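Chain by chain, the residues:
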Amino acid sequence: MSRARTIRNNLMQAVFSVAGWVAIVFIALIFVFTFKETGPVLDAQHMRAFFLTDPPVWQPTSEIPKLSLIPIILGTLKATVVGLLFACPVGVAAALFTSEFASPRLREIIKPVIELLAGIPSVVMGFFALVILATWLQNAFGLTYRLNAINAGLALGFALVPIIFTISEDGLAAVPRSYREASYALGASNFQTAWNVVLPAAAPAVFASFVLAFGRAVGETMILLMAGGNAAITSISLLDPLRTLSATIAAEMGEVVVGSEHYATLFFMGTLLFAITFVSNTFGQWVIRRMRVRMQGAA
Amino acid sequence: MKQARIVSTLLLSVLLAACGGREQPATGERPRASRSNKPLSIKGSDTMVILGQRLAEEYMKKNPGLVAQVNGGGSGTGIAALINGTADLAQSSREMKDGEKEKVAQSRGAAVVELPVALDALGVFVHQSNSVQHLTIAQIKDIFQGKTTNWSQIGGAGAPIVLYGRENSSGTYDYFREHVLNKEDFATRVQTLQGTAAVINAIGADKNGIGYGGIAYAKEVRALAVQAEGGQPVAPSEATVADGTYPLSRKLFFYYAANAPERVTAFAQWSVTPEAQALVTKVGYFPLTTVQ
Numbered sequence: 073m074s075r076a077r078t079i080r081n082n083l084m085q086a087v088f089s090v091a092g093w094v095a096i097v098f099i100a101l102i103f104v105f106t107f108k109e110t111g112p113v114l115d116a117q118h119m120r121a122f123f124l125t126d127p128p129v130w131q132p133t134s135e136i137p138k139l140s141l142i143p144i145i146l147g148t149l150k151a152t153v154v155g156l157l158f159a160c161p162v163g164v165a166a167a168l169f170t171s172e173f174a175s176p177r178l179r180e181i182i183k184p185v186i187e188l189l190a191g192i193p194s195v196v197m198g199f200f201a202l203v204i205l206a207t208w209l210q211n212a213f214g215l216t217y218r219l220n221a222i223n224a225g226l227a228l229g230f231a232l233v234p235i236i237f238t239i240s241e242d243g244l245a246a247v248p249r250s251y252r253e254a255s256y257a258l259g260a261s262n263f264q265t266a267w268n269v270v271l272p273a274a275a276p277a278v279f280a281s282f283v284l285a286f287g288r289a290v291g292e293t294m295i296l297l298m299a300g301g302n303a304a305i306t307s308i309s310l311l312d313p314l315r316t317l318s319a320t321i322a323a324e325m326g327e328v329v330v331g332s333e334h335y336a337t338l339f340f341m342g343t344l345l346f347a348i349t350f351v352s353n354t355f356g357q358w359v360i361r362r363m364r365v366r367m368q369g370a371a
Numbered sequence: 016m017k018q019a020r021i022v023s024t025l026l027l028s029v030l031l032a033a034c035g036g037r038e039q040p041a042t043g044e045r046p047r048a049s050r051s052n053k054p055l056s057i058k059g060s061d062t063m064v065i066l067g068q069r070l071a072e073e074y075m076k077k078n079p080g081l082v083a084q085v086n087g088g089g090s091g092t093g094i095a096a097l098i099n100g101t102a103d104l105a106q107s108s109r110e111m112k113d114g115e116k117e118k119v120a121q122s123r124g125a126a127v128v129e130l131p132v133a134l135d136a137l138g139v140f141v142h143q144s145n146s147v148q149h150l151t152i153a154q155i156k157d158i159f160q161g162k163t164t165n166w167s168q169i170g171g172a173g174a175p176i177v178l179y180g181r182e183n184s185s186g187t188y189d190y191f192r193e194h195v196l197n198k199e200d201f202a203t204r205v206q207t208l209q210g211t212a213a214v215i216n217a218i219g220a221d222k223n224g225i226g227y228g229g230i231a232y233a234k235e236v237r238a239l240a241v242q243a244e245g246g247q248p249v250a251p252s253e254a255t256v257a258d259g260t261y262p263l264s265r266k267l268f269f270y271y272a273a274n275a276p277e278r279v280t281a282f283a284q285w286s287v288t289p290e291a292q293a294l295v296t297k298v299g300y301f302p303l304t305t306v307q
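These protein sequence lines are chains A and B, in that order.
Each number in the numbering used here comes from the position in the first sequence (counting from 1) with 72 added on.
Each number in the numbering used here comes from the position in the second sequence (counting from 1) with 15 added on.
One or more of the hints may lead you astray.
What the hints assert, rightly or not - For lysine-lysine, the following DSBU-like pairs were computed, each having C-alpha atoms within a straight-line distance of at most 35 Å: (1) B:Lys77 x B:Lys112; (2) B:Lys222 x B:Lys266; (3) B:Lys118 x B:Lys156; (4) B:Lys297 x B:Lys53; (5) B:Lys116 x B:Lys53; (6) B:Lys53 x B:Lys162; (7) B:Lys77 x A:Lys138; (8) B:Lys198 x A:Lys108; (9) A:Lys138 x B:Lys76; (10) B:Lys222 x B:Lys297; (11) B:Lys118 x B:Lys77; (12) A:Lys138 x B:Lys222; (13) A:Lys138 x B:Lys266; (14) A:Lys108 x B:Lys162; (15) B:Lys156 x B:Lys266; (16) B:Lys76 x B:Lys198; (17) B:Lys234 x B:Lys297; (18) B:Lys266 x B:Lys116; (19) B:Lys76 x B:Lys266; (20) B:Lys112 x A:Lys138; (21) B:Lys198 x B:Lys156; (22) B:Lys266 x B:Lys198; (23) B:Lys112 x A:Lys108; (24) A:Lys138 x B:Lys162; (25) B:Lys112 x B:Lys162; (26) B:Lys234 x B:Lys77; (27) B:Lys222 x B:Lys162; (28) B:Lys162 x B:Lys118; (29) B:Lys297 x A:Lys108; (30) B:Lys112 x B:Lys297; (31) B:Lys77 x B:Lys266; (32) A:Lys138 x B:Lys156; (33) A:Lys138 x B:Lys118.
Claimed, not checked - Okay, the calculated bits of chain B under chain A, using three or more residues with CB under 8 Å as the criterion: (34) 89-101; (35) 179-187; (36) 200-210; (37) 213-224.
For the record, the hints were derived by calculation from the structure and aren't laboratory data.
These numbers were taken from a predicted model, which means no experiment stands behind them.
Glycine residues also receive a C-beta, built at the ideal position from the N, C-alpha and C atoms.
Could you build the full structure based on these sequences and the hints that come with them?
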């Protein structure tokens with residue numbers, strides 16, 4: 073009897089550890105493959121072409137290929153910044169409202185609805201931004217370009233709100249009741265308690281949500297491919313169209329001659345995306361750990 | 016959407032054909048059945064997707080049991096697929112380069128056959144409310160290179176020009192760059208969209224927009240008359256494409272290996288018959304007979 077149990081136990085353990093290792097191996101293989109394909113452009117000459125060419129222009133198929141990544145990195149940053157500027161306040165405010173002020177019944181409505189927003193496929197979000205949001209923004213503000221950083225960033229923001237909301241709300245709900253009671257006992261109002269006590273106590277979770285949202289924003293493809301206009305312009309204006317790293321890979325990979333300089337450059341962009349999300353996640357983990365330690369030390 | 020529906024119909028017909036095939040051995044005709052079950056794979060120019068689909072649909076009706084799959088992706092994508100063997104027939108809105116022809120010969124072991132199947136006029140489109148009626152090739156070049164930036168510089172209202180174009184994988188992009196921009200670069204401000212239909216939609220919604228694409232797609236936008244150097248402005252129409260006076264007309268091609276199986280060559284030869292050319296007109300292109 074107990075022997076059968078031991079066997080079953082070991083078997084299940086083996087299955088789970090294989091599953092775990094498979095995931096790790098896949099990630100490693102993807103990274104190795106991506107990195108390998110960038111090989112031909114990993115030299116000083118190409119790095120100069122990517123980052124230091126003046127004027128910075130992305131025209132990979134012209135007679136003299138121009139391979140500056142500056143306009144595309146700038147486009148990625150613009151979309152990400154607008155998306156986060158919109159989604160962070162909205163997501164955190166919605167989480168604060170849901171966990172601190174909403175009645176239990178209202179909470180049961182708001183939570184699933186916002187989480188449903190996460191289930192909307194990004195191609196649908198992109199289509200909405202392309203057809204409706206762009207026209208609306210253009211008519212409301214008399215913009216020259218229908219497809220611009222604001223339009224793309226807002227659409228991206230819609231996709232980021234549920235990420236920020238869900239994780240922040242979990243963090244806020246996990247703050248012990250005793251914190252709130254102590255605050256009320258000192259005569260603080262509802263709002264003062266939420267803003268000055270509960271929110272700071274949940275700061276690691278809120279920050280974690282921002283980091284995850286940043287990673288999603290940098291990698292998001294379809295929304296920006298559809299709503300961003302895809303013009304690789306070196307401009308910091310939020311009213312100009314933009315082209316992101318991910319959208320460039322999606323638009324050009326299908327056509328490119330395998331093994332060419334252009335092909336390797338697209339893989340370099342992929343490696344860059346990989347590196348950005350890796351660094352941001354690692355940094356995020358580090359900050360969260362520090363915050364937790366400080367919070368527990370103070371408590 | 017339409018493409019997805021056609022693909023799924025095709026998949027269904029593959030399944031049905033496969034079921035039919037299983038019953039074939041009883042009649043002793045299995046070899047024939049399995050041969051006709053191999054789908055005819057057509058790939059290439061986004062401009063030619065509709066044309067290829069109509070032709071394939073009609074051809075399948077006439078040849079039950081034959082399955083043809085038509086995909087877009089761009090002329091270059093189709094040619095690459097012909098080279099690496101994933102497509103039997105490439106549709107291209109530009110002529111194949113010599114290097115590409117050599118690669119086909121190398122990988123397929125036979126020369127490539129070039130078959131013009133239709134004529135297309137490349138339209139320069141603006142919003143219907145735009146007061147500009149015609150432009151010279153030189154003016155169009157300056158616009159798409161970002162040297163002319165306001166409609167008032169070319170006789171229109173005082174509003175900035177918003178540029179729409181195609182991805183660099185597109186044959187239309189190549190044709191336009193070669194014949195209008197003299198192989199020089201587009202302005203970086205050109206917003207690149209996926210397919211001529213997307214360009215047309217964008218211009219339909221943008222008063223200040225200008226873009227280019229196959230004339231068959233022109234709906235709810237206006238195609239400008241184009242003036243070649245030393246000529247008169249000519250609007251694109253069957254007559255002006257036929258007599259060669261419209262400056263931006265081009266041939267649309269089928270490419271396949273000379274040693275391709277019969278299902279490929281038979282389809283290609285059928286596509287230039289009067290029956291098939293009637294379909295070309297229906298889709299909105301111009302039949303070859305108009306030049307000959």
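Going back to the hint list, which numbers does this structure go against?
-> Structure breaks hints 6, 7, 9, 14, 16, 28, 29.
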